[in-house]
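S.K.: Model the placement of chain V on the given structure of chain U, informed by the hints.
Going down the list, the sequences are from chains U and V. Under this note's numbering, the first residue of the first sequence is numbered 315, with each subsequent residue one higher. Under this note's numbering, the first residue of the second sequence is numbered 16, with each subsequent residue one higher.
A few of these clues could be false.
Stated by the list, open to error - Negatives, chain V to chain U, calculated, CB over 10 Å:
{"#": "1", "residue": "F22"}
{"#": "2", "residue": "A88"}
{"#": "3", "residue": "A92"}
{"#": "4", "residue": "I111"}
{"#": "5", "residue": "D141"}
{"#": "6", "residue": "W157"}
{"#": "7", "residue": "L163"}
{"#": "8", "residue": "L183"}
{"#": "9", "residue": "N187"}
{"#": "10", "residue": "L190"}
{"#": "11", "residue": "R228"}
{"#": "12", "residue": "A266"}
{"#": "13", "residue": "A287"}
{"#": "14", "residue": "F290"}
As the list claims (entries may be wrong) - A few chain U residues that don't get close to chain V, going by computed Cβ distances all over 10 Å:
{"#": "15", "residue": "F475"}
{"#": "16", "residue": "E505"}
{"#": "17", "residue": "I546"}
{"#": "18", "residue": "D578"}
As the list claims (entries may be wrong) - Some, not all, of what chain V presents toward chain U, calculated at C-beta under 7 Å:
{"#": "19", "residue": "M16"}
{"#": "20", "residue": "E18"}
{"#": "21", "residue": "S25"}
{"#": "22", "residue": "T28"}
{"#": "23", "residue": "V29"}
{"#": "24", "residue": "V32"}
{"#": "25", "residue": "S108"}
{"#": "26", "residue": "I112"}
{"#": "27", "residue": "R134"}
{"#": "28", "residue": "P143"}
{"#": "29", "residue": "T150"}
{"#": "30", "residue": "N198"}
{"#": "31", "residue": "S200"}
{"#": "32", "residue": "A269"}
Hint data in this document are derived by calculation from the structure and do not stem from the laboratory. Idealized CB from N, CA, C, for every residue including glycine.
Here are the chains, one letter per residue:
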Amino acid sequence: MMAKLTTTTTLAALLAFGLSGTALADIKIGATLSATGPAAFLGDPEAKTLEMLVKDLNAKGGINGEKVDLVSYDDGGDPNKARTFATRLVEDDEVVAIIGGTTTGTSMTIIPVAEDAEVPFISLAGAIEIIDPVRPFAFKTPHTDKMACAKIFENMKTRGFTRIGMISGSDGFGDSMRKQCLAIVGDYGIEVAADERYGPQDADMTPQLTNIKGTDGIQAVLNPGFGQGPAIVTRNYHQLAIDLPLYQSHGVASKGFIDLAGKDAAEGVRLPGTALLVGDLLPEGDPQKPVVDAYKAEFEKETGTPVSTFGGYAHDAFAILVDAIKRAGSDDPQAIRDAIEKTSGLVGTTGTVTMSPEDHLGLDLTAFRMLEIKDGGWTLVE
Amino acid sequence: MPELMQFLLSGATVGAVYALVALGFTIIYNASDIVNFAQGEFVMLGGMITVFAHMAGLPLPLAALLAIVVTAAIGVALNKLAIEPARGAPVVSLIIITIGASIFIRGAAQLVFDKQLHRFPAFSGDDPIAVLGATILPQSLWVIAGALAVFIGLWLFFTKTLTGLAVLATSNNRLAAQLVGINTSWVMTLSFALSAGIGALAGVLVTPITLTRYDVGIALALKGFAAAMLGGMGSPHGALVGGILLGLLEALTAGYISSQYKDAAAFIVILAVLFAMPQGIFGAKRTERV
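Bound-form chain U, shown alone (with noise of 0.2 Å):
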């Protein structure tokens, strides 16, 4: 009987040091992307991309000599799927932070999860609602839409624009990018005579572009859109022979936007896009040169297909989290986020990221840059 128990107590205290030896040894990461569904294309580079790093820094040794567990999960860019997977990436996988929510409707619904289990989150959607008002537990690697339209108005400026026309997506990205072109637009002492709109899937918008060239003393347009509306818009704006200089937003920066415009209808239309996209342009001694070169030679390689801005997202929201964890120097998520409060001087594909206690996202607009395409290709403005 004795001899019985003791077996049993030294099997199960065997069990759980074993268990938690092997506990010990890792530091789980979770993240929820939306790798399928409407959000696929900015969720799945995300996953591939998060994947690629974790088996590299793994290789490489892990952080402070510990290696990194990955729990990842898609959930389908629906929010409530997004907030279950949070709360399981919490309660029963015990993660140490998250890293996701690929839109602002998943975000949302995870904020609340890591705010209660005081776990840090990286989101890396674009809405300025995830960091402001700012959130202890909160941070974000994209630009918001309100700096992508103050790099635009700021180049509109410089060119000595003073009227403009805007057509927008009345998609979610369109709609929250034209309230926050408009309500700093005055800053700039800019006007718009014209605010159409058209719909996301819509095939055909010369009418409302016929309207915007009939418009008086219009000196530029402007379309913030996502996904075909703004090819399309280009594509347009190019049969109709408009003479004005076209703007189009950060949501389009990327080399299938040329594909689907067309060079020539794509040819002069300027966007605020990251570093990312222009790796070989940046002058040689560019901070972000090194940073972004390997990111994109290491996602091309792995994945064969071409890196675009929201990968991008990932891989910083990656580096801020492992430069925090190495800081930190353990794996409690409360010394993690003081570590992630403190990131300083972080260069990544996105931008130089310097946090705050009163800034959780960390980019000022230096890291837009400003491009232009010509010949089917991406020039630097400045």
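M.R.: For chain V alone, coordinates are given in the frame of chain U:
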């Protein structure tokens, strides 16, 4: 009036796209009373298969032909694997099966192809043609011509050919059709093949204008369905007129009233028309014997 002309040309372009999609609904509907909600996915497949066959090195006409043949085969498979086994089920159940099929095809397309937007070159280049101070792209003329050709083909099929009459007979009374010697199961297979083929042809023609992705079918089917309802479900005349009318409504609302409310305006007009004419403009009056 170059503005009005531009609005009309835009409306004709978009309307022809809707009409082509709407025409695809007619055959299956005529054969079985089923509104095939996977019709948009046939359009998507036509575009996507052409894109990927073209990227793999096939010349564009061959790629387009391949897309139409493959999609027609998928249409047949849909009938054999999903519709035929549920033959005794009420029409509503069959319609729900087509919704399931559309979700399945979308999911499969995501895996087989990818999740990016695609386009292939327009058939006759991208140089706009000037018409009375407005412009239209050559591809729009292809779409309009395609819609007209499919319309004439369908009209001849349903009025002049024995097979077309057999399709109509099957829809009217399957048992009676069988009694007069019509192979109704073959008629169903044929109608799915033709509908899918027409859908794929629409996809081939419209992709240079609308672009394509695994999920474009939903929006196209919705507009095509609205056009078909407006014109009268099952009538080739109705599909053509309904499509063009819907396109013109949208373009004129966007041009003269507000681009923000153009979809709403179009749907209000559809509701008003259906209120006065529940069968659509060209829809056959049906009397149900109880």
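S.K.: Flag every earlier hint the structure violates by its number, smallest first.
M.R.: 1, 5, 11, 12, 17, 18, 19, 25, 26, 30, 31
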